[in-house]
Amino acid sequence: MRLKFSALMLGAAMALAATAADARAVKWARAADALTLDPHAQNEGPTIAFNGQVYEALITRDNANKLVPALATSWRLVDPTTWEFKLRQNVKFHNGDALTADDVVFSFQRALAPTSDYKGYLANTKEVVAVDPFTVQLKTNGPNPLVPDNLTTVYVMSKKWAEANNATKPQDFKNKEENFAVRNANGTGPFVLVSREPDVKTVVKRNDTYWGRGGSPLEITELTLTTIKQDATRVAALLSGEVDVVQDVPVQDIERLKASPNLRVTEGPENRSIFFGFDVGSKELASSDVKGKNPFADVRVRQAVNSAINRQAIQRVVMRGQSVPAGSIVGPFVNGYKKEYDNVSPPDVAKAKGLLAAAGYPNGFSVSLHCPNDRYLNDEAICQASVGMLGQIGIKVNLLSQSKSLHFPALQNLKSDFYLLGWGVPTYDSDYIFSFLYHTREGTRGGWNATRYSNPDADKLIQSLSAETDLAKRNATITQIWDKLLADQVYVAIHHQMLAHAMKNDINVPVRPDNIIFFKDVAFKKS
Amino acid sequence: MPAQANDPVAMMRRRSRLAAIMDSDLVYSFLHSRITIAAAIVTLAIVLAAVLAPWIATQDPYDLRVLDILNSHNPPAWLKGGDPQFLLGTDDQGRDVFSTILYGSRQSIAIGVMATLFAGMLGISLGLIAGYAGGSVDAVIMRAADIQSTFPAILIAMLIDGTSRALFGEQRNEQVVFWVMVLSIGLSFWVQYARTVRGSTLVEKNKDYVLAARLIGIRPVKILFRHVLPNVVGPVLVIATINLALAIITEATLSFLGLGLPSTQPSLGTLIQIGQKYLFAGEWWIAIFPGVTLAALVLAVNLLGDWLRDALNPKLR
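Residue numbers (our numbering), protein chains in the order written: chain Z, 1 to 527; chain B, 528 to 844.
Don't read these hints as lab results, they were simulated from the structure.
Quantities reported herein were computed from a predicted structural model and do not represent experimental measurements.
The reader is advised that the hints may include incorrect statements.
Under the rule of at most 20 Å between Cα atoms (straight-line distance), these lysine to aspartate or glutamate pairs were calculated in the EDC-like manner [to be verified]:
(1) Z:K396 / B:E701
(2) Z:K525 / Z:E222
(3) Z:K396 / B:D595
(4) Z:K351 / B:D595
(5) Z:K353 / B:D595
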């Protein structure tokens, strides 16, 4: 009897030991934190990437960018303007509430609210209705074949929870408002929020009742996101074993980390382009010594900036090869991209000076450049290098680099004359770029158009895209729009960004073009 | 002039004045401390190099037109891949590290000196007033000093810097930042002067010469600055020297934290901050050379301050 008992104990201990070896806590470091946990307040990469551990959308993308079911098991067109989604059954929110069609309808309506930053994903939505507890229909004003592609980052919240906590409207981020959902979260995802200290650390633990447990290994018991802004400190934390995964490896440290036998480095292109934007619409630039007129309103000045930027030098020196020089802000992953858009002519100081002189600024002018210093790879260094290049053609740039939590509100409140921005395309379609960055700032569109650019012809064509079912015709319109917009040069593209993640040897997370790490898919390598 | 130069009385008088200076305790103790001489030489060399930067430097690192990013990350000239044009290598923007150190020291020293002067003027005035007036004026000034001394200097500097950011916003250019730095560092160091001067003033104000001056009807301001101040200036000089070193360090700290001068016009702290990003990549020269310069300057100024304190304190002899 006693022998049997101790054998049993031994077995239990061994089982425990086995699970302890397989499963463990993981520390994840990044330069920047999620700006908010409210899933509809800020359409921003790191925010989406973190919230994606806790919240889920109806549809997601696999590592090959293919749409795959998440909270919806299937979707189909019922008629040309109605998409129907069948919801997964037996899905529970972290607080125990069951997921129903009401939650999905609520979430979509929330994402369409005035303070939402996700309106662009649902532009042209007429109404969202719950047909039965597990069926949702999304009706559009015109036929829109790309509705499913637009839904991968529209996360689903619990209606009951939001109502009970007075968080039915998204946080008004740019006016610094807060609501309950900013520091608390209740999703259906693989991880449950444990604690949140903005810009310091956020802890989530494994959701043991996660519906997708069979499909994903879900071996991480606890995941801690630590914000380490300093490049060298972040790398040092990985080298010393303090953190397990660094999502944004500084380009200058990739070689060093690759040489370390205990670490793994994964690399890949991101679906994101980095570029400068100009205020082309204001009467006068607040930061410029030119008074009474706006130099950037003249396309020749924008072209001069374009000619002054030495993209090859930025790629070689600032990015150490981790970028693809770009001529337009649309990248190779995006539908509507054309290789010739990236044919950039070499920098030409004489030509740039000529353009400036022709525009009436033979001696240049001064202007402030807003630049983030914790968002994109070497963002501040790109700005600094460009300040030098623009100095050579006589544009004296006063560089204001600051954290993204100050930079982004400055753009959204139209407080910038000249700025650096990076734009990722979760929908993989040009319409997303048009709608957010080029369309006049009104209604559900133009949310990130800080240029004040307004082109009614282009707007009309952009609106026609979401009602065009003939894909060939639609693509022809996209090309037509790009031709119009690229001629106007309201943005000067620099490059398409490449990424590197670094991690301990027993973890292997690939670089996805959307720069999201799905930690539920991590399976520790047994050694 | 020639007539005067040949005048034997004038010559003798001049020689004797020089002899008197050479004969003084201060010079004696200076000439007999090798460390102090070395510190003075180092300080003088760095200050001279900074002042003469436009003539010594091989490049004007603040002139964006001469920078070429393709020259960036060059190692020092004597290493493999080095370019003799860039003696100590280049930073991530193609700035010559040697030239940038010269220009950066210029900024650091200028801000340090101005901040020390500002703190000194403020602290001495308040200390004199507090000590001489006494009563509630004294209480108010000294309690303000007490409260401020509970905050670390760097925190006060950061507060003022942050406020200026909110106030100036877009208009925050190099000139504004320079004076904001002077103000924020100066304001965080005035307390020590005020306390010392107040203490000495309390002692001096009841001495006979002050009483006599008051008796013949000299205005208090004149008494303070003409009669009391010269007698309390010794300890102030010591504090000023040590504060200069502290001010330079504070400036470097603020710049390192990204709160100082814009990154297009690096000071020593900014350069170290840029350099530390590339330490893992093996590009040590961007951080090390400015770091060594900063350390040498601060150490030398501190040693001078120490010597001055000992030399001016009769009780230590």
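Hey, Z:K353 versus B:D595, does the alpha-carbon distance stay inside 20 Å? 18 Å, holds
Can you confirm whether the C-alpha distance between Z:K396 and B:E701 stays at or below 20 Å? With Cα atoms ~13 Å apart, Z:K396 and B:E701 stay inside 20 Å; holds.
Between Z:K396 and B:D595, is the straight-line Cα distance small enough, at 20 Å or below? Status holds; Cα separation ~16 Å.
Given the hint that Z:K351 pairs with B:D595, test it: the Cα-Cα distance must not exceed 20 Å. Cα-Cα ~18 Å, so holds.
Hint check: Z:K525 vs Z:E222, CA-CA at most 20 Å. Holds or violated? Status holds; Cα separation ~17 Å.
In terms of the numbered hints stated before, the structure departs from none.
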